[in-house]
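For reference, the chains in residue letters:
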Amino acid sequence: MATAFNGHAGMGAGVGLRLPHIQEVVATLPPARWLEIHPENFIANPHGAELLFEARRHYPISVHTVGVSIGSAGGVDRAHLRRVRALVDRLDPFLVSGHLAWSTHQGEYLNDLLPLPYDENTLRLLATHVDEVQDGLGRPYIVENPSSYFGFGSSTMSEVEFLSELVARTGCRLLCDVSNVYISAHNMDFDPYRYIDGLPADAIAEIHLGGFTVEPDEANPGADVLVDTHSARVAESVWTLYEHAVRRFGATPTLIEWDHELPSFATLLAEAKRADQVMTRALAAEPLRAAVV
Amino acid sequence: MPPLSEVQRLLREAIIEGESSAIVPLLVGGANPAGRLAIHRRHYEDSLVGAIVEKFPGTTWLIGSPAMHEAASAFIRRHPPTAPCIAEYGEDFPRFLAEREEPSGLAYLRWFAELEWLLVHAAIAIDRPPLSMQSLADHRDHLVDVQLVGQPGLRYLASPLPVDELMKLYLMDAAPEQYALSAADVWLEICGSRGAIRFNRLEHSEFLFRQAVATGNSLGSAAERALEADESFDIGAALQRFVMDGLMTEIRSPQDPCRVTA
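As given, the protein sequences belong to chains A and B, one line each in that order. The first sequence runs 1 to 293 under this note's numbering. The second sequence runs 1 to 262 under this note's numbering.
So that you can see chain A by itself, here it is in the shape it has in the complex:
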């Protein structure tokens, strides 16, 4: 079994804290083990930030950036990075993470996590940007695997190879979004278990679990495409893959992500409780060793 790189292996499952829930959370202090926030929701919202700092008095917080855009050919948005740093310095989160993706092009922000070709040029660029982000934040940055609907014919390496090499070159850590693995595997026709087995287990600092929606696939008439909407419960097939991931990675902080069609906070806590139960069961089973892929 992998040894967790940080001291947070026993954090268990937390939930994403979104603005519609924040007043309830501060007022009632529900039994969440930890909370994760998107800094972009608070940087320009002083009232929301005030409530967040109050929540921080009671909960460990993880910061998950959505706008840092380490994959932008034009470079990281340094002004945004400074604003994230200011919030992070006040919050002192136990983790700071972002995505293997790009969102910004020549000063325009596309409000999405867009795919990259996996080749040596992109890898060099990403390694430079991850170093810049880690320097800019003054702490480790954890990179999340994306959910994919298409890729690039010019890619010369798999996503697992790309992420592993990024870890080797920068010392960054990885956030394994198990739902994203499942979604991408379905959409891009690969084996999600082999993907999990191929990741460098010692580098996994966090796991995400979120709901997806099933839609007709315009690319394959008669087939379905899975869309990473974060608007539903975690699917049964993802829970099974999560159990496999925990056996492979060991105890790892796990987040329940739900961003759209938000349910009650109690529903999020119930999902987190299930994640804790699955994690406990997985940890009691025999650990899985690294696979050769």
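If you're looking for bench data, these hints aren't it; they were derived computationally from the structure. Careful: at least some of the hints might be erroneous.
Residues from chain B that face chain A, not an exhaustive set, calculated with beta carbons under 8 Å [to be verified]:
no.: 1; residue: LEU26
no.: 2; residue: GLY30
no.: 3; residue: HIS40
no.: 4; residue: HIS43
no.: 5; residue: ALA83
no.: 6; residue: ALA125
no.: 7; residue: ARG194
Idealized CB from N, CA, C, for every residue including glycine.
Based on these hints, arrange chain B on the given structure of chain A.
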């Protein structure tokens, strides 16, 4: 394969402008990956149109949901966000809306939407402890050079139409069968904190004075602007009202610009 910057430019064109012929040959995934570009196009459209509509519920009430969605959809293609904090996105929407709708006689829309934008941002501000009259008295010898700092949620709007009346109707959920909006300049002060908002009209000279102070002008400069509009403007009384309203938070002394008195 073109360089990454070109790939990203092409993907941007496909998502924002719907022009995907150049990017499609580069993609793999499914039998026809071009079809899956629609997922990203739809996300861009839905998330940003949703953000605009959410920030302008009163404007939506005024023009109806279909017109609002149409305007927001056009806006996000013409003016994509320039920063990742979507709370800051949409400041240009009132002007954009006015340019679209003015020919149909809806000139008030811009000013109504401007007021709504200011109210939304005032509501997420946080009040600071107000300045006391005593603090101001300590600077009486050089008062004309003093600068004051306003509450974070303090905003000003000069509108050629009384859109504040229309806003009150919206906030009270009291839409009359017909409503005639006559041209009349109004000078509005908007203040908010922690979800609460208020707005009220000011006399023109008082508006000029308060707006000038709140935007960092010295008291002397602000007084000059007010006196240009009304030579009988009582600066002392106006300053006292401003401070007593709790809208000022700090004094910046010209004799020691680094020193701030709260």
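Here's how the hints hold up against the structure:
A cut of 8 Å between beta carbons decides the hint on LEU26 (chain B): the least distance to chain A is about 6 Å, and the hint holds. Interface hint at GLY30 (chain B): satisfied, since its Cβ lies 3 Å from the closest Cβ of chain A, which is below the 8 Å cut-off. With a least beta-carbon distance of about 6 Å to chain A, the hint placing HIS40 (chain B) at the interface is held under the 8 Å criterion. A least Cβ separation of about 5 Å between HIS43 (chain B) and chain A falls short of the 8 Å threshold, and the interface hint therefore holds.
Interface restraint check for ALA83 (chain B): the shortest CB-CB distance to chain A comes to about 6 Å, inside 8 Å, so the restraint holds. Taking 8 Å as the C-beta cut-off, the interface hint given for ALA125 (chain B) holds, the closest approach to chain A being about 6 Å. Residue-level restraint check for ARG194 (chain B) holds (minimum Cβ-Cβ distance to chain A is 5 Å; threshold 8 Å).
Against the hints set out earlier in the document, no violation occurs for any number.
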